[in-house]
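Given only the sequences and the hints, what does the whole structure look like? Please build it.
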Amino acid sequence: QGSAAEHGAPPAPERVLFPPTFSVSEIKNKQRRHFMFLRWKQQQRKEKLAAKKKRRKEREALGDKAPPKPIPKTIENQRIYDETTVDPNDEEVAFDEATDEFAPYFNRQTVPKILITTSDRPRGRTVRFCEQLSTVIPNSHVYYRRGLALKKIIPQCIARDFTDLIVINEDRKIPNGLVLSHLPEGPTAHFRMSSVRLRKEIKRTGKEPTGHIPEVILNNFTTRLGHSVGRMLAALFPHDPQFIGRQVATFHNQRDYIFFRFHRYIFKSEKKVGIQELGPRFTLKLRSLQKGTFDSKFGEYEWIHKRREMDTSRRKFHL
Amino acid sequence: RTKTQNFCRNEYNITGLCNRSSCPLANSQYATIREEKGRCYLYMKTIERAAFPRRLWERVLLSRNYEKALEEIDENLIYWPRFIRHKCKQRFTKITQYLIRIRKLTLKRQRKLVPLRRKIERRENRREEKALIAAQLDNAIEKELLERLKQDTYGDIYNFPIHAFDKALQQQEAESESESDAEKEDEEEEDTDRREFVEADDSDLSDFEDMDKLETSEEELEEEEEVEKKASHSRSKGKTPLKGPARSKRPYVNIEYEEETEPTTKTKAT
Chain A
1 QGSAAEHGAP PAPERVLFPP TFSVSEIKNK QRRHFMFLRW KQQQRKEKLA AKKKRRKERE
61 ALGDKAPPKP IPKTIENQRI YDETTVDPND EEVAFDEATD EFAPYFNRQT VPKILITTSD
121 RPRGRTVRFC EQLSTVIPNS HVYYRRGLAL KKIIPQCIAR DFTDLIVINE DRKIPNGLVL
181 SHLPEGPTAH FRMSSVRLRK EIKRTGKEPT GHIPEVILNN FTTRLGHSVG RMLAALFPHD
241 PQFIGRQVAT FHNQRDYIFF RFHRYIFKSE KKVGIQELGP RFTLKLRSLQ KGTFDSKFGE
301 YEWIHKRREM DTSRRKFHL
Chain C
320 RTKTQNFCRN EYNITGLCNR SSCPLANSQY ATIREEKGRC YLYMKTIERA AFPRRLWERV
380 LLSRNYEKAL EEIDENLIYW PRFIRHKCKQ RFTKITQYLI RIRKLTLKRQ RKLVPLRRKI
440 ERRENRREEK ALIAAQLDNA IEKELLERLK QDTYGDIYNF PIHAFDKALQ QQEAESESES
500 DAEKEDEEEE DTDRREFVEA DDSDLSDFED MDKLETSEEE LEEEEEVEKK ASHSRSKGKT
560 PLKGPARSKR PYVNIEYEEE TEPTTKTKAT
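Each protein sequence line maps, in turn, to chains A and C. Residue numbers for the first sequence follow the numbering used here, so the first one is 1 and each next one is one higher. Residue numbers for the second sequence follow the numbering used here, so the first one is 320 and each next one is one higher.
Treat the hints with caution; some may be incorrect.
The list that follows gives simulated cross-link-like pairs (lysine-lysine, BS3-like), each with its CA atoms no further than 25 Å apart [said to hold, decoys possible]:
no.	chain 1	residue 1	chain 2	residue 2
1	A	K46	A	K73
2	A	K285	C	K449
3	A	K316	C	K438
4	C	K462	A	K207
5	C	K462	A	K272
6	A	K291	C	K431
7	A	K271	C	K408
8	A	K306	C	K431
9	C	K364	C	K413
10	A	K73	C	K449
11	A	K173	A	K285
12	C	K408	C	K423
13	A	K272	A	K291
14	C	K469	A	K268
15	C	K427	A	K151
16	A	K152	A	K291
17	C	K449	A	K316
18	A	K291	A	K151
19	A	K152	C	K427
Computed, partial: chain A to chain C, Cβ under 8 Å [unchecked claim]:
no.	residue
20	H263
21	Y265
22	V273
Think of the hints as simulated: they come from the structure by calculation, not from any bench. Since the structure is predicted, the reported quantities are computational estimates derived from the model, not experimental observations. Positions of the beta carbon are idealized from the N, C-alpha and C atoms, including for glycine.
Written out as C-alpha cells, the structure is:
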C-alpha cells in the first residue's frame, strides 16, 4: 500500500496534465490500478455530493418559485408500452370477455367448484399447503393423485361438475409449480410458484380463516394477457362475497409476478383500515397459457414465456 | 468394482465380470447376446476366424418368441461348452425382461426432467424480491379496500357517522338553513344534539364489550328515533381481531350511550 501510494501519487499530476491519455484501466499493475480506481471513485462521490448541495441550496433560495421536484424514474414509470394494454373503454375487449369461457361464471350461471391435487407422492409441506389452500378457496376439494394420469381424470372431473382444476407440482419437498385449468374446455395456465409461506410461518396472532366467501382484489392486470389471467383467477371464487366475513384474497401483479395474499380487514374509521394476514401466501409467475385443457403434447399454446425473446429488456413486462 | 470381482469393460462380455472364463479376449471360442433397438442377436467367435478381425464376430438374429429364441441359441451353440451356453441363455432372459419393462413404462406417464438454470433462477429470485418491495402490498390492499368503501360496495354495513359529521359541519358552516332543506335540518338537529354530547365526552372506546352494549342500546334507540346509523354489526359478532386495543374517535352515536355505561366499563377494562 505504501509503495502504491508512492507510485500512485507522483505520476498522477503529470498524467492529469494530458487529459486524453489517462485512464484508470490502463495501469497494468493491479495494486496501483485498484488504488487509483478507489481514488477516482472517492472523487466522483465528492463531486456528486457537492452537486447535490448546490442544487439544494438553489432550491431553497428560489423558495416558492422553485421548479417542481423531478419524479424519480422507476421501472414502472419506464415500462415499455405494451400494445395489448387494455383500455377500460375498449369495446372489443368487452365483447371478448362477454363471450369467452368465463362468461358463464361472470353471468352468475355457474358456481365454481375446485379440485386441488398434486403431482405424485406429495411430501408433507405440499400436503399442508394444499389443505390451507382449500380453506382459502371456498367450495374446493383436495384429492390425492395416486399415479393417475391427468388426461384420464379430466373427463371424470367434468362429469362431476368441477369447474376448475388446480395441480400443485412439487420438487424436492416444496411446491414449485401450479397448473390452473378451467375445466369445461377452458384455458390452462401454468405458473411457477415461489416463496410459499404456510400459515404457521406467517407472523401473526394465530387466526384461522372462517368459511365465509372472501372478496377478491385483482391489481395491476393491464394487458390482454393479464386480463385473461386475472379473470381466470377471479373465476376461482364465488361471485358474491360475504362481507360479514371481512376476508379478502388479493392477487397483485407487479412486474409479471403475481403475489397472492389472504387477509382479514377491519375498518377502524373512514380513512383507516387495518389488515391482518391469515392464510398462506405465495407468488406466481406465468409460464404458459394454453387454450384447451391441460395437454402437454398437443395443446395449442396461447402464450409461452420464451426466455430469449422476452427477457431481453428489464422494463418489458407481459402481464 | 466390488470387493471380490472386477467388472469387465469389454462390450462383448457375457457376464460382465472380469474372469478368465468370461473374458472375450482370453477365450478363442466365445458367444454373447447383445440387443440392438429391441432385437436380440447372438454373437459368436470361433478360433477359425481369429485371423480376420473384421469377420471375427458372427451375428445371428434371434426370434421374438422367447422359447423359439432359446431353441435357436441351443441350435447355434450346439457342442459348445456348457458354461457359455448357460450364460448366454441367462443373459438373453435378462435382456428380454428389461425390454418388456421398458415397453411398459413408455406407456405410462413419464417424468420429464427439466434442468434448472442457476443463473436464471437467481435472476428470477432477485427480481421477485424487488418486485415485492416495489409492490407495497399492504398499502395497495388498504387503498383498494378504502376505495371500495367509498364507492359503497359494502352498502350499509359500515356506516361511519364521522362522514356525516363532517357533512353536517360543512352544512352548518355554509349556513344553508333554508326551509327547502328540511330533511337536512332534521338531521342537523339530531347531529347538533349529538354533537353537544360529544363535546362533553372525550371518551374513547377501549373494549369491544362496549360494542355489545352499544348495539343493544342503539337498537332500542333505532326503534324510537329511526336512526339509520348503526354500529358495524360485524364487530359485535365476536369475530374481530382488533388491530389495536384502543380505537380513537369513535362515532359519536356510540359515545352518547357511553355516558351511562362508561364508568362501569372503564373499571372493567382496567
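Hint check:
{"no.": "1", "hint": "A/K46 to A/K73", "in the structure": "23 Å, holds"}
{"no.": "2", "hint": "A/K285 to C/K449", "in the structure": "14 Å, holds"}
{"no.": "3", "hint": "A/K316 to C/K438", "in the structure": "19 Å, holds"}
{"no.": "4", "hint": "C/K462 to A/K207", "in the structure": "23 Å, holds"}
{"no.": "5", "hint": "C/K462 to A/K272", "in the structure": "9 Å, holds"}
{"no.": "6", "hint": "A/K291 to C/K431", "in the structure": "22 Å, holds"}
{"no.": "7", "hint": "A/K271 to C/K408", "in the structure": "86 Å, violated"}
{"no.": "8", "hint": "A/K306 to C/K431", "in the structure": "19 Å, holds"}
{"no.": "9", "hint": "C/K364 to C/K413", "in the structure": "22 Å, holds"}
{"no.": "10", "hint": "A/K73 to C/K449", "in the structure": "15 Å, holds"}
{"no.": "11", "hint": "A/K173 to A/K285", "in the structure": "20 Å, holds"}
{"no.": "12", "hint": "C/K408 to C/K423", "in the structure": "23 Å, holds"}
{"no.": "13", "hint": "A/K272 to A/K291", "in the structure": "42 Å, violated"}
{"no.": "14", "hint": "C/K469 to A/K268", "in the structure": "14 Å, holds"}
{"no.": "15", "hint": "C/K427 to A/K151", "in the structure": "12 Å, holds"}
{"no.": "16", "hint": "A/K152 to A/K291", "in the structure": "19 Å, holds"}
{"no.": "17", "hint": "C/K449 to A/K316", "in the structure": "15 Å, holds"}
{"no.": "18", "hint": "A/K291 to A/K151", "in the structure": "15 Å, holds"}
{"no.": "19", "hint": "A/K152 to C/K427", "in the structure": "12 Å, holds"}
{"no.": "20", "hint": "H263", "in the structure": "6 Å, holds"}
{"no.": "21", "hint": "Y265", "in the structure": "5 Å, holds"}
{"no.": "22", "hint": "V273", "in the structure": "5 Å, holds"}
In summary, the numbered hints that this structure violates are 7, 13.
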